[in-house]
Amino acid sequence: MDAVDLEKVDEIIERYRGREGVLIQLLLDLQSEFHWIPREVIDHLSERLRVPTSQIYRIASFYKAINLNPVGRHMIQVCMGTACQVRGAQKVLDFTASRLNIKPEETTPDLSFSLRKVNCLGCCSMGPVLTVDDEYHGGVTLEKVEKILKKRS
Amino acid sequence: MMPKLASFRDLEEMREKLRSRRDPSESEMPLITVCAGTGCLALGARKVIDAFREELDERGLATKITLKETGCPGFCEKGPIVVIYPEGIHYVKVNPTDVPEILEETVLNNRLIDRLLYSDPATGARAVHEEEIPFYKHQTRILINNNIKIDPKNIADYIVQGGYSALALALSRMTPQEVIDEVKRSDLRGRGGGGFPTGLKWEAAKRALGTPKYVIVNCDEGDPGAFMDRALMEGNPHSVLEGLVIGAYAVGSEKGFIYVRAEYPLAVQNAKIAIEQARECGLLGEDILGSGFDFDVELHRGAGAFVSGESTALMNALEGKVGEPKPKYVHTSERGLWNRPSLLNNVETWANIPLIINRGAHWFSSIGTERSKGTKIFSLVGKVNNTGLVEVPMGMTLREIIYDIGGGIPGGKKVKGVQTGGPSGGIIPEEHLDTPVDFDRLTSLGSMMGSGSIIVLDEDTCAVDLARYFVDFLCDESCGKCVPCREGLRQMRDILSEIVAGRGEAEDLKTLKEVAGVMKSASLCALGRTAANPVLSTIRHFEEEYVAHIQDQRCPALVCEQLISYFIRPDICIACGLCRENCPQGAISEEESAEETGKVVMAIDQSKCSRCGICFHVCPSKVKAVVRISGKSSAPPVPSASISSGDKEKDSKTR
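Respectively, the protein sequence lines represent chains A and F.
One rule links them: number in the numbering used here = place in the first sequence (from 1) + 186.
Counted from 1, the second sequence has number 26 at position 30 by the numbering used here; the numbering is strictly sequential.
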């Protein structure tokens, strides 16, 4: 892995200078920069903020949106909200997982895809829903999954 | 860029100016609005918007015709939605390829395009305007009616529609106590789920000692199946913000927070823009509208934790800590965020405030039932024809909502029940559909209002599997801090997993009820106290399904994977091979039909079949040769007589 650009980390920390209760916001900002939170970043944060590493880990591991492991180039999220569930979300998830040959919450060995379950994206009208990066797909069928994956592999 | 409004008069003058600048255009300059809510975007609205923009540029019409990206009007089923003003022509399911025709025919030549109009599935009648469409016709839209008229990224649009007049009224003519009295008189109850009287909460926060005080918008809408808060925050963020500023004035707070969950990126974006624009206009900050009242707001993004929607957990998250609940020995209105008095309300509750101040408590309480006033936005989803957001007066019956507004169940199937209140709610069976929906009636049926999701279930939904789904969901989301919730959920999940696998035991139902009882009385927060509701309500209303799973190893809805077998009917199969191609197990092969010599059919090797159901879904809808059967009698090889107890019987009713 490339070395983490700690200057960038400092720059993001500066945004929150002098404010209280910013750790979660800080982690979210760092993640949009690095896509995940590497160990070096946590160590650096710990030094700069004078917060124990364990405390940062506790918070980072509690929240689902924060990735502590590298993620693939494409993040696929399958909505498992109730409305999607009753319209067959489980099938969509199983099928996607079997096509990528990974389990939910895993990343393909070539780092091209990560697959994740998400509890409701709020597009309940067009379930089943999945997102690829920032793109939303509604009324997903198994054929659609096939097409979506093919387009990006 | 809007100028800073330094007084009440500035606001009114600005409104007049904006209106007069727009008014003549109402008759001359056409306006095209395209819904840019997350739902329509998922269906391709971005491409439609881009196509309009390109086409307008190409024809040199960009200065003569206004194009507006608006919030979500709720009819997500038919998106992307395009409405053309001044006539208000309502087009549904618009494709980018329809755009040149819409411009040429409808916008420039005032001719309708029939195929883009909503057509009633029953009568085939076309509806031109929103108010003719049954989905809208039966609603009372006072909260989401403006979504389709407003560009949420432009504060001027909200001001034109009368925005911030309630704030001006409160600041100029009412004392904080009078604001609270008005809210109390309106009988507004919290829309986040609990239904606690809003006015009382405000009063407690006002009386509480200590400064500073905080006001908080809870937009951590985690209830799976509910998305009204998303639609309001994305589509009309200023209505929420205006409510918040009024609340801050009433309880004496100078600092507010808007907490938006991570899964709603567009809501985060629009809330951020709204805060910035309001600040620019002097509607936030120091000396708001020259009244001497100071107040500002900070946006806080969630990071993906269902339990953080609980009020004390949300306050922990705002402090940058782990979003776990705390015991409420002292109310958060006295000691909340950073141990200071804090007033937290849900998005929809805040959005009601400007309406109550503007039109009065009396008007508000004239809508609804005796103990539940006003309207409620429901998300009508699942197995229903018209899915979307539905705003109705409290007290409308579930049947009216599902049939008159929702247009009934697809495929002519029967309603099995509805799930309300999300994972904390329960299932209400078909025979109770005539119940008027309000806070107290739903609770008396063993469910709850929750944030307002109505998930319609048809006969293809298995009650046991659904209960297991919710327990699974909550296992995932329980923070694990208190034992009854953490361990209770795990035990329930184990028991339910055994039942859906056909390994249930006779005393399981008793054990489930026992565990539920402990969780209800001993859990720390509402998540744990209500977590057993989906299990209890399904046992209460669908006990026979549990019994079928436990005693006969049969899933009556043909859902539970381990209790069903897939079988290809040789008399129907056309041997197209689609199932064989898609079978991940390689369990399907070509065989000669035993019933008809020389006929080649597909057959499933039951020993290899993993019951993934892909063959069932890929079999062409005209053929439908793959059937599911369930029960002890279906052990392989499948005797053809047993088919009649499975899909065949069900199919004859539905096809």
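Hints in this document: simulated from the structure, not taken from any laboratory.
Fair warning: there could be bad hints in the mix.
[Said to hold, decoys possible] Taking lysine-lysine pairs in the DSS-like style, the calculated list, with each CA pair at most 30 Å apart, reads:
| id | chain 1 | residue 1 | chain 2 | residue 2 |
| --- | --- | --- | --- | --- |
| 1 | F | 43 | F | 180 |
| 2 | F | 268 | A | 194 |
| 3 | A | 336 | F | 145 |
| 4 | A | 337 | F | 506 |
| 5 | A | 333 | F | 268 |
| 6 | F | 604 | A | 250 |
| 7 | F | 0 | F | 89 |
| 8 | A | 289 | F | 604 |
| 9 | A | 333 | F | 604 |
| 10 | F | 145 | A | 303 |
| 11 | F | 409 | A | 330 |
| 12 | F | 477 | A | 250 |
| 13 | F | 620 | A | 336 |
| 14 | F | 322 | A | 303 |
| 15 | F | 43 | A | 277 |
| 16 | F | 516 | F | 506 |
| 17 | F | 620 | A | 250 |
| 18 | F | 251 | A | 333 |
| 19 | A | 250 | A | 303 |
| 20 | A | 330 | F | 89 |
| 21 | F | 618 | A | 330 |
| 22 | F | 410 | A | 336 |
| 23 | A | 250 | F | 149 |
| 24 | A | 330 | F | 43 |
| 25 | A | 330 | F | 268 |
| 26 | A | 333 | F | 43 |
| 27 | F | 202 | A | 303 |
| 28 | A | 250 | F | 409 |
| 29 | F | 409 | A | 277 |
| 30 | A | 337 | F | 618 |
| 31 | F | 516 | A | 303 |
| 32 | A | 277 | F | 89 |
| 33 | A | 303 | F | 43 |
| 34 | F | 322 | A | 333 |
[Claimed, not checked] Facing chain F, a subset of chain A residues (Cβ under 10 Å, in silico):
| id | residue |
| --- | --- |
| 35 | 203 |
| 36 | 206 |
| 37 | 211 |
| 38 | 268 |
Ideal placement from N, C-alpha and C gives every residue a C-beta, glycine not left out.
Hints, verified against the model:
Straight-line distance between C-alpha atoms of residue 43 of chain F and residue 180 of chain F comes to about 46 Å, which puts the hinted pair past the 30 Å bound. At most 30 Å may separate the alpha-carbon atoms for a hinted pair to count; residue 268 of chain F and residue 194 of chain A meet this at roughly 23 Å. Distance restraint check for residue 336 of chain A and residue 145 of chain F: the Cα-Cα separation of roughly 39 Å exceeds the 30 Å cut-off, and the hinted pair is therefore not satisfied. Note on residue 337 of chain A and residue 506 of chain F: the hinted pairing is violated, with a Cα-Cα distance of about 51 Å set against a maximum of 30 Å.
Only pairs whose Cα atoms come within 30 Å are accepted, and residue 333 of chain A paired with residue 268 of chain F is rejected, the gap being roughly 35 Å. Straight-line distance between C-alpha atoms of residue 604 of chain F and residue 250 of chain A comes to about 36 Å, which puts the hinted pair past the 30 Å bound. For the hint pairing residue 0 of chain F with residue 89 of chain F, the CA-to-CA distance comes to about 40 Å; that exceeds 30 Å, so the pair is violated. The straight-line distance between the Cα atoms of residue 289 of chain A and residue 604 of chain F is roughly 21 Å, inside the 30 Å bound, and the hint therefore holds.
For the hint pairing residue 333 of chain A with residue 604 of chain F, the CA-to-CA distance comes to about 27 Å; that is within 30 Å, so the pair holds. For the hint linking residue 145 of chain F to residue 303 of chain A, the alpha-carbon distance of about 35 Å lies beyond 30 Å, and the restraint is violated. Taking the CA atoms of residue 409 of chain F and residue 330 of chain A, the gap is about 26 Å. The hint holds against a cut of 30 Å. At most 30 Å may separate the alpha-carbon atoms for a hinted pair to count; residue 477 of chain F and residue 250 of chain A meet this at roughly 17 Å.
Between residue 620 of chain F and residue 336 of chain A the alpha-carbon distance is near 27 Å, which keeps this suggested pair within the 30 Å criterion. The hinted pair formed by residue 322 of chain F and residue 303 of chain A meets the criterion: a straight-line CA distance of about 28 Å does not exceed 30 Å. At most 30 Å may separate the alpha-carbon atoms for a hinted pair to count; residue 43 of chain F and residue 277 of chain A meet this at roughly 29 Å. At most 30 Å may separate the alpha-carbon atoms for a hinted pair to count; residue 516 of chain F and residue 506 of chain F meet this at roughly 15 Å.
Taking the CA atoms of residue 620 of chain F and residue 250 of chain A, the gap is about 40 Å. The hint is violated against a cut of 30 Å. Among the hinted pairs, residue 251 of chain F with residue 333 of chain A is inconsistent with the structure: their alpha-carbon atoms are about 49 Å apart, more than 30 Å. Proximity of residue 250 of chain A to residue 303 of chain A is assessed by CA-CA distance (about 10 Å); at most 30 Å being required, the pair is judged to hold. A threshold of 30 Å between alpha carbons decides the hint, and for residue 330 of chain A with residue 89 of chain F the separation of about 19 Å falls inside it, so the pair holds.
Taking the CA atoms of residue 618 of chain F and residue 330 of chain A, the gap is about 20 Å. The hint holds against a cut of 30 Å. Pair hint residue 410 of chain F plus residue 336 of chain A does not hold up; C-alpha atoms about 38 Å apart against a cutoff of 30 Å. With a CA separation close to 29 Å, the supplied pair residue 250 of chain A and residue 149 of chain F stays within the 30 Å bound. Straight-line distance between C-alpha atoms of residue 330 of chain A and residue 43 of chain F comes to about 19 Å, which keeps the hinted pair within the 30 Å bound.
Distance check on the hinted pair: residue 330 of chain A and residue 268 of chain F sit about 34 Å apart at the alpha-carbon level, beyond 30 Å; violated. Simply put, residue 333 of chain A and residue 43 of chain F have alpha-carbon atoms about 19 Å apart, close enough for the 30 Å limit, and the pair holds. A C-alpha spacing of about 42 Å is found between residue 202 of chain F and residue 303 of chain A, which places the hinted pair above 30 Å, so the restraint is violated. A distance of roughly 37 Å separates the Cα atoms of residue 250 of chain A and residue 409 of chain F; the hinted pair therefore is violated under the 30 Å criterion.
With a C-alpha separation of about 21 Å, the suggested pairing of residue 409 of chain F with residue 277 of chain A holds against the 30 Å cut-off. A C-alpha spacing of about 29 Å is found between residue 337 of chain A and residue 618 of chain F, which places the hinted pair at or below 30 Å, so the restraint holds. Straight-line distance between C-alpha atoms of residue 516 of chain F and residue 303 of chain A comes to about 28 Å, which keeps the hinted pair within the 30 Å bound. Between residue 277 of chain A and residue 89 of chain F, the direct Cα distance comes to roughly 26 Å. Compliance with the 30 Å bound is thereby established for this hinted pair.
This hinted pair checks out: residue 303 of chain A and residue 43 of chain F have alpha carbons roughly 27 Å apart, not beyond 30 Å. Proposed proximity of residue 322 of chain F and residue 333 of chain A is contradicted: the alpha carbons are some 46 Å apart, above 30 Å. For the restraint placing residue 203 of chain A at the interface with chain F, the shortest Cβ-Cβ distance is roughly 14 Å, beyond the 10 Å limit, so the hint is violated. A cut of 10 Å between beta carbons decides the hint on residue 206 of chain A: the least distance to chain F is about 7 Å, and the hint holds.
The interface hint given for residue 211 of chain A holds, since its Cβ lies 6 Å from the closest Cβ of chain F, which is under the 10 Å cut-off. With its C-beta approaching chain F no nearer than about 4 Å, residue 268 of chain A sits inside the 10 Å limit, and its interface hint holds.
Checked against the numbered hints given earlier, the structure breaks hints 1, 3, 4, 5, 6, 7, 10, 17, 18, 22, 25, 27, 28, 34, 35 and satisfies all the rest.
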